[in-house]
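Residue numbers (the UniProt record's numbering), protein chains in the order written: chain A, 1 to 329; chain B, 1 to 329; chain C, 1 to 396; chain D, 1 to 396.
Keep in mind that the hints were calculated from the coordinates and are not lab data. Note that beta-carbon positions come from the ideal geometry of N, C-alpha and C, so glycine has one too.
In the DSS-like style, the derived pairs of lysine-lysine whose C-alpha atoms are separated by at most 27 Å in a straight line are:
#1 C:K181 / C:K229
#2 C:K116 / C:K15
#3 A:K327 / C:K15
#4 B:K327 / D:K15
#5 D:K116 / D:K59
#6 C:K229 / C:K59
#7 D:K116 / D:K15
#8 C:K183 / C:K229
#9 D:K15 / D:K59
#10 D:K181 / D:K229
#11 D:K181 / A:K215
#12 B:K215 / C:K181
Simulated restraints on C-beta separations:
#13 C:E35 / B:P59: 52 to 62 Å
#14 C:R64 / A:P59: 37 to 47 Å
#15 C:R64 / B:A40: 53 to 63 Å
#16 B:K327 / A:P150: 48 to 58 Å
#17 D:P25 / B:G19: 52 to 62 Å
Partner residues are not named here, just some residues of chain C that face chain A (Cβ under 10 Å, in silico):
#18 A291
#19 A294
#20 R376
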Amino acid sequence: MIHLLPDADQQQVVDALAGLLQDRAPLERLKASERFPDTANAEVLGELAGMGIYGLALPEDAGGVGYGPAEETLCAIEMGRFLVTPSAAAATLAAAMLADAGRGDEAAALIGGSATACFASMKGKRHYLVDARDAALIVLVQGDHITLYPRAAAGSLQPVEGLDWTISLHQTTLDTAQAAVQGSPARLRQALLLIAGMQVGLTEAVCAMAVDYAKIREQFGQPIGAFQAIKHKCADLAVAAETARAQLLLAALAGAADLPEADFLIRAATLVATEAAQASTRENIQIHGGIGYTAESRAHLFLKRAHLNEWLFGGLWAQREALLRAKAA
Amino acid sequence: MIHLLPDADQQQVVDALAGLLQDRAPLERLKASERFPDTANAEVLGELAGMGIYGLALPEDAGGVGYGPAEETLCAIEMGRFLVTPSAAAATLAAAMLADAGRGDEAAALIGGSATACFASMKGKRHYLVDARDAALIVLVQGDHITLYPRAAAGSLQPVEGLDWTISLHQTTLDTAQAAVQGSPARLRQALLLIAGMQVGLTEAVCAMAVDYAKIREQFGQPIGAFQAIKHKCADLAVAAETARAQLLLAALAGAADLPEADFLIRAATLVATEAAQASTRENIQIHGGIGYTAESRAHLFLKRAHLNEWLFGGLWAQREALLRAKAA
Amino acid sequence: MELRTTQEERLFREKARTWLEENVPKEPRPPHGREANDHDRAWQRRQFDGGWAGLSWPKEYGGRGLPLDLQLIWFEEYARAEAPEATNTLYVGLNHAAPTLIASGTPEQQAFHLEKILSAENVWCQGFSEPGAGSDLAALRTRAEIDGDDLVVNGSKIWTSNGHYSHYQELLVRTDPDAPKHKGITWVIGQMDLPGVDIRPIRNMAGGDHFCEVFYNDVRIPLSSVVGKVNDGWRVAMSTLGFERGTASMAHQIELTQFVENLIDYARDNPGPDGRRMAIEDDTIRSRLAAARAETSALKAITLLSISRARRGDAPGPEGSITRLFHTELMQRVHRLAYDLTGSGGLEMEGHRGWSRQYLEQMRQTIAGGTSEIQRNIIGERHLGLPRQPVIAKGA
Amino acid sequence: MELRTTQEERLFREKARTWLEENVPKEPRPPHGREANDHDRAWQRRQFDGGWAGLSWPKEYGGRGLPLDLQLIWFEEYARAEAPEATNTLYVGLNHAAPTLIASGTPEQQAFHLEKILSAENVWCQGFSEPGAGSDLAALRTRAEIDGDDLVVNGSKIWTSNGHYSHYQELLVRTDPDAPKHKGITWVIGQMDLPGVDIRPIRNMAGGDHFCEVFYNDVRIPLSSVVGKVNDGWRVAMSTLGFERGTASMAHQIELTQFVENLIDYARDNPGPDGRRMAIEDDTIRSRLAAARAETSALKAITLLSISRARRGDAPGPEGSITRLFHTELMQRVHRLAYDLTGSGGLEMEGHRGWSRQYLEQMRQTIAGGTSEIQRNIIGERHLGLPRQPVIAKGA
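Required output: the full structure, derived from the provided sequences and hints.
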């Protein structure tokens with residue numbers, strides 16, 4: 001039996017997180033027309049630590065909360081919806097890899113929020129660090145590998161102007177000989193699910209944003225949502241959101257059950273969710289018209305994040321190749 | 001100065017051909033729900049010979065009419081519009097190649113209609129013959145080459161059920177050692193323009209067909225063309241037709257003037273026209289709804305021809321490669 | 001949210017696999033026409049006799065009353081066993097007519113018809129669409145006047161799949177021409193061999209005659225054949241359509257998954273459209289194959305989401321149109337990919353394994369049973385709550 | 001239909017090439033803002049002084065009265081010389097305001113303004129769109145009341161490109177609120193430094209402040225600044241829009257052609273998004289590059305078709321929307337391709353040669369100056385003659 005709706009307990013976890021984010025990290029915190037200060041991301045990360053979110057799926061004896069991939073993936077959706085920095089997912093992954101390696105104290109520091117982690121992404125032979133701040137640990141997902149690096153593995157950080165204004169970006173070179181932990185295949189799956197989850201969350205967010213706007217914005221004497229050109233775009237957003245969510249949750253459950261087709265389903269989820277996120281955030285801008293092109297609307301933040309997230313798992317090309325290699329059900 | 005509208009003389013040629021086709025080969029001749037007998041294609045070919053169309057662009061001293069690529073391309077559009085068998089283009093090309101080779105008598109037989117030609121297309125190491133009938137000559141366009149074969153170069157003909165019901169299809173093996181004439185680069189260009197011209201003609205035909213239907217077919221109490229879903233599809237058809245025609249005519253003129261960018265423009269024309277033809281014929285079916293799916297509507301004949309034409313020049317992949325190799329303006 | 005394999009599921013899967021291994025027909029199913037129908041009926045009868053028909057039908061109607069999860073397992077095993085297409089000429093009877101009779105039929109109608117549908121003794125077709133109505137289903141004009149104990153039907157229907165070898169028809173007729181468009185319609189069981197019924201197959205663009213046009217000339221149908229109440233046919237029909245748009249196409253989806261895997265295998269072993277290398281080595285093909293694989297998985301996932309909603313007790317809602325829209329457009333993308341894979345081989349009607357013909361046949365997906373445009377309207381208006389499109393009354 | 005190079009064209013091309021070689025600015029054009037405008041003005045002034053401005057403007061208005069063919073040759077040579085973007089902050093003045101003044105202005109207006117536009121002494125901006133109106137341009141509500149010899153303007157405009165460093169504005173105001181929507185509008189020359197004009201730049205998603213919002217608080221504009229007649233502004237404005245949608249974007253198109261060639265060169269020499277091989281070796285990239293190359297050629301071809309129609313004497317018609325729609329959507333496809341080519345480099349705002357920023361900036365193409373949806377309406381209704389979409393009156 002495969003059940004893709006949250007049960008009451010799972011819904012409670014989601015609601016708690018959504019409540020926290022709505023309260024402490026509402027989208028309104030993002031001044032869409034300005035770059036977002038690093039400190040603000042740090043605050044959100046601290047709030048999430050307070051809720052124990054980075055250890056949500058770790059066993060209690062490893063300092064976690066004892067939930068599983070299903071709950072964690074549902075939470076990733078909420079983080080995507082609120083455009084939480086991906087460093088939250090990085091902290092989750094770093095804690096898990098450290099716990100796997102028997103380095104419980106370091107894991108606890110991440111879970112408790114006294115240490116933070118960030119993602120890296122390859123840029124030729126160099127690397128980008130995403131929302132690096134004072135992160136103690138760096139998570140790199142590339143090909144079939146997930147690797148945890150200590151901050152010391154990064155050379156000097158050169159700040160660059162990022163596409164996504166809500167996140168700082170630096171160039172550096174990771175000394176790959178200095179890996180702290182090579183993550184297990186299970187951690188790779190977890191990373192892919194967390195990133196795909198953020199893509200699904202922002203896809204759902206822009207679907208709702210576009211539909212809301214189409215109901216209130218009037219042109220030619222009626223709400224633009226009455227026109228098929230807009231209505232049908234909204235319908236396509238709904239299809240994208242529904243398919244991306246369903247595929248993600250199926251993949252999360254398959255991963256949790258360690259089904260033979262889990263890798264296939266998870267790569268399919270990253271692909272479907274990323275295509276959905278990039279297409280939907282683009283259409284949301286078009287539906288918003290002129291206002292959607294301005295920095296004052298938040299529409300652009302979602303588009304930029306959909307591009308950023310793609311590179312947290314090494315790009316769509318790598319997903320396609322992994323998907324073709326994976327064994328289907 | 002580049003002028004892309006026909007002058008009075010050119011318009012007269014087009015009108016004469018369109019008049020002949022409307023009179024002797026109207027679309028109504030094609031019983032859409034039945035396979036079209038070979039003999040009917042032969043009749044149309046005979047009518048066209050009577051007009052001298054196969055020698056339209058050959059000099060008068062070569063038995064032609066003395067027009068140029070511009071007029072010939074305009075005529076190819078009309079042939080595409082009326083779904084004339086591509087053997088008309090094959091006869092034109094065969095006559096030209098024979099004339100180039102100093103085989104004036106054989107060229108004259110084609111121009112006069114007492115001999116006919118047909119196209120071949122590669123199928124792995126074997127070949128398809130398109131509307132072969134009793135064709136004396138076979139034209140093969142493949143890669144950067146155009147080659148004329150005598151009928152004797154073809155092994156035994158094995159009839160196969162073709163996608164396009166208006167054209168017979170056979171499998172055979174061409175003995176490539178038996179080439180009658182290797183065509184010049186100019187003949188290759190001519191072939192590409194003729195095929196692209198047929199694609200443009202059928203693109204224009206389905207645009208008109210779809211728009212006409214959208215004006216008269218009523219649903220929910222109004223013509224379906226009033227709904228944006230249909231109206232915008234029609235707009236896209238108009239864009240496809242306009243761009244494909246303009247690119248084709250520009251390419252034809254550049255070819256006639258032997259500009260350095262002629263090959264580039266001609267390959268761009270085959271690409272744009274074929275994409276336009278395949279997308280437009282597909283959308284025309286969708287706009288027609290249920291009736292468009294039936295064999296009784298002619299919509300499917302255009303779709304099938306758009307696919308057939310693609311393989312007369314060896315497929316889109318070959319066009320893309322040639323386009324990337326060609327020197328731009 | 002959970003995924004677990006129960007003992008019941010495991011056992012069911014084993015039994016299904018064993019039975020299918022022993023019973024799947026060896027001969028290929030004819031691609032279309034009456035031969036296909038004969039094949040479908042023989043195969044359905046064998047499943048019926050083996051106790052494998054109507055798995056999720058309620059027990060009191062001859063089914064086995066199993067949950068949708070087991071139905072899904074059946075289809076998975078069915079596809080694995082390479083059994084003949086499950087979405088066949090019996091689809092209307094099994095997936096439209098029977099659910100309608102179960103939901104709205106009289107005990108007599110149920111007793112007479114349901115088992116005969118399940119055992120393929122009777123073939124059913126649909127009689128909803130009309131030449132003038134198209135997507136505007138409710139604009140139907142086929143009249144039925146009450147005359148004594150009969151309805152007297154005059155008019156015509158179109159797009160009646162398999163009408164020429166069907167025994168019965170789900171027939172929508174207008175019984176009150178003065179009522180608003182959606183009122184005054186009645187759902188009635190039509191018998192195809194009644195005097196005055198004239199059935200003419202319509203050839204489709206792929207050469208098959210799957211669809212028919214049906215003409216009614218003073219056809220007398222007893223009032224006892226009305227399903228639901230007179231003038232309540234729109235509601236009765238909509239409940240059937242809701243069913244179709246939900247989980248009924250599960251078998252189809254699983255077949256599509258198998259088809260995509262076949263494409264990947266083909267691409268590994270055969271030259272691509274460029275004729276120069278194996279198709280899989282062409283990145284444009286690779287990319288389309290990867291997308292097809294991911295999207296057929298997502299199609300299955302949204303169906304599992306529908307099943308989850310059904311399990312919670314939700315009635316089939318407008319989100320069924322999401323499944324339908326995604327499914328039909330994906331079908332077309334996948335079959336266009338198959339067509340393109342064969343390169344110039346696509347000039348033949350059958351192409352490789354019939355892929356050309358199937359490419360043409362899939363054109364109907366985004367048209368029949370409500371065009372993609374209509375599905376997007378439904379999603380926009382009923383699911384997302386966007387305002388209805390403005391309509392000008394005729395003559396305005 | 002013909003293509004020939006006249007002696008005049010050959011000579012013109014040679015002269016243009018020589019002049020450009022000697023005069024094209026060496027320093028790169030700043031990407032946006034006032035610095036870009038300063039650069040544009042200096043460069044335009046140099047062209048003006050050299051006799052290369054207003055090539056196709058009538059002679060009596062300071063132009064050279066040359067046919068569009070020569071204008072096209074100029075743009076070709078301009079692109080070949082890698083001169084700064086021709087579609088720059090002076091676009092509105094040169095391509096909207098001046099043609100409007102030529103068509104509908106008084107001799108005094110023409111004498112005062114045209115040369116100052118051509119020499120870049122004055123920068124112009126547009127004042128058509130309003131916050132509430134969007135694509136429904138005619139719904140504008142900025143009021144202008146006649147008071148003595150002045151119009152007194154109150155309201156606001158939005159999407160005013162380069163408003164914050166413009167001297168003049170093409171301003172559409174409502175002078176008769178009781179007239180039907182398209183009547184009662186007046187086209188007037190607004191001076192940006194008049195008392196009561198408040199200009200606020202709007203940051204766009206790429207970080208630039210190309211657009212402004214402009215507020216009018218009892219702004220007095222002399223009636224002598226009205227172009228055409230009071231209440232006849234819609235007609236005046238539409239003729240300008242027709243012009244924009246025709247051949248005015250020729251320079252832009254040629255720049256796009258050059259951009260695509262740059263992409264191909266880049267793809268040959270740089271790793272693609274997969275990071276494993278040169279981008280050009282990835283068939284998905286190859287295929288998109290080939291399509292971009294073919295389609296930019298087709299864009300030039302439809303513009304040549306427009307020029308041919310103009311040569312025949314046709315007025316700019318709704319088919320201008322075809323060029324515009326194809327152009328803007330192609331721009332987005334090409335810039336998305338550029339963005340994708342750089343792989344993870346797209347995480348930087350500038351990316352390679354600013355391609356990320358340009359990718360974001362191109363989002364406006366299908367919105368500003370009439371969305372793609374509006375263009376499709378125009379093509380459908382005015383070009384193809386399809387029925388207008390039904391409109392429900394407000395409150396109905």
